[in-house]
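Given chain A's structure and the hints, the job is docking chain B onto it.
Protein chains in written order, with my numbering: chain A, 10 to 174; chain B, 72 to 603.
There's no promise every hint is true.
So, partial list: chain B residues that the calculated Cβ filter (under 10 Å) puts toward chain A [claimed, not checked]:
{"hint": "1", "residue": "Lys199"}
{"hint": "2", "residue": "Lys277"}
{"hint": "3", "residue": "Ile283"}
If you're looking for bench data, these hints aren't it; they were derived computationally from the structure.
The beta-carbon is built from N, C-alpha and C at its ideal position, and this holds for glycine as well.
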Amino acid sequence: MRKLTFWQRLYLPEILRGMLVTTRHFWINVLRQRHTVTQQYPEKPTYVSERYRGRHRLTRKEDGSPRCTACMLCATSCPALCIHIVAAEHSDPTVEKHPASFTIDELRCVFCGLCVEACPCDAIRMDTGIFALAAEKRENFIYPRELLLGDAMPENIAEGKAPAP
Amino acid sequence: MAKKLTIDGKEITARDDATIIQAAHEAGIVIPHYCYHPKLSVAGNCRMCLIELEGRPKLEISCNTPVADDMVVHTNSPKVIEGRRGVLEFLLINHPLDCPICDQAGECGLQDYYMSYGLYQSRFQEEKVHGRKVVDFGPDVVFDSERCILCTRCVRFCDEVTHTNELGIFERGDTAQIATFPGKQLDNPYAGNTVDICPVGALTSKDFRFKIRVWFLQETSSVCPGCARGCNINVHHHDGRVYRLKPRRNDAVNDTWMCDAGRFGYKSLHENRLLEAAARNDAGGLTPATMQDALARAADLLRDRNPATIAVLAAPQGTNEDCYLLAKLTAEMLPGCRITMIAGEPGDEDDFLLRADKNPNSRGAQDMGLPALASPDDVAQLAAAIDTGKIEMLVAVDVDLKAIFGTETFARLTAKLQALIVQGSAMRPGSEAAQVLLPSAAYVERHGTFTNFQGRIQRFNAAFAPPGASQPAWRIYRRLANLLGADWNYPNHEAVWADIADTVPGYGIDYAAIGDQGCLISSVDSPPSGRG
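Isolated chain A, as found in the complex:
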């Protein structure tokens, strides 16, 4: 260990030097509040970069139906195997295929963004800026299609039950 100098060994001068730094910052913060680094989160929303990979969302076509065609490329590229899609026949033969269910297990997700890159239809994006995913139960982290589409939260989720498979 480095040997303390005489002044340091006196203790009090060093304490005063430290207090000086603290006091300087105190007055800077009081007098120039706009430049403080402290953020008033969660009272004020924080800044999120445009490229930030937040919670996923599913986009819609102009007619309001999901853009997703259930091609499974996101599920294929997902390194965490957290995307589960059940494809089904669409009543419109020109659409042909659509996701009957689309769930993302947000607890498994590593937010790598490969699903967004893989999607040939721009159907999944991570541009919501939502990073504070919180829930009281693990089951509530399995996000169903409705939630990802930004629809109202299904009742069973709101009540804290697992979504129907």
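Leaving out everything else, chain B in the frame of chain A:
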């Protein structure tokens, strides 16, 4: 006389009547193709199999050019690759490029060859010709005319293989399309093969549609247990679940085809499975038990009885290994017991693949020492013997007891029977009356061999582990025999086979030597100890 030619610098001897594509494929040189199919006539319309013949100014199609002596063929010269690229560009002009929603994606000829030979930027500026989408062709087949490249494989299949002539090409030019003839449906018993041979996503299977992407599937070579023919198949599965069965080429058995009944036979694999062993408790209810306990219980029930009062009811659904150990178990441990082989209801038969005997191993079961298939009289006699008390105990293997005896008779017989042991892969009608339930593995979950009606021994492989506590039936018999006092040591199916090869006439062949295409009993040195 054979013809000698050179393909890609390789000296090849080909059959006299071979075409270049056949000669090349037999020599292991792959020539890309769509309309050519080894089991169908030559159409020569896709133009994908172009090759360069020295001395000819233009590229030739290899599927319709017969081999000749001293031919020099190039399958990968710059000229050929340029030609293929042009053909692909034409084929893809009106293609909708809807791979994300197309079931064929991942096993599509257009995708594969585009990656190998295409890789061009599309020059097509015009509006694509739109066709009919999701056209219902029949019970299992859906057609999409936009994806179709009019290779006519499906049309030729219906004309030449099934002779049912449901499909044809209608209209002309860029509106030409495949369709069923008016009033007809693609509903012949082999219709599923049209989906297999379609090189693009034009024909898709309703059953498989959108279930899973093909790149998730694993493939295991197997044998269809649907009837006595034993068509060679590939089991396509993922995560312990079978998604589809595809025919595997075996020219001696099924060429490259299989029937729809066999194709959809996989569904029963996941229905009503018997997953845990169970034994009847003192209160009379069936409660789950460990395999160990259930087998001990079964052994106790078998041990305390005069074997002559025990009857075994089995269906020739088991493999040769199962049948061999069952025969050995009954002969050595239960001498004098009565074995009845249940054939089940005969089904459709035709002059192509389907056999009336819906059991995969009737021939093998007899060869392994089990009796011939029982007649209805035999079953009636068995029922009478149970009624009179001559038979006190029944061991049922893979059979539907209620279908065999009739529901009412079976209810009467269960009251008479002192014990009933049921072994099977599924809960079948009547199984619930058992004292002991022993779960056995289905054919996709285990290795084994079947002998088909031709006497061809065919090997199949385990696609995934048996679910729950179920085990291959031969293992159950081995454990049961050892509990009854035998000293059998069969660590795996190959050990059982080695025993079969040593003792069963005509079966003296090494397990590995059976190969993927099977081998005929008669072609094997009989009798025993022919093994090297």
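Evaluation of the provided hints:
no.	hint	result
1	Lys199	violated, 13 Å
2	Lys277	holds, 9 Å
3	Ile283	holds, 8 Å
Hint 1 alone, counting from the list given before, is not met by this structure.
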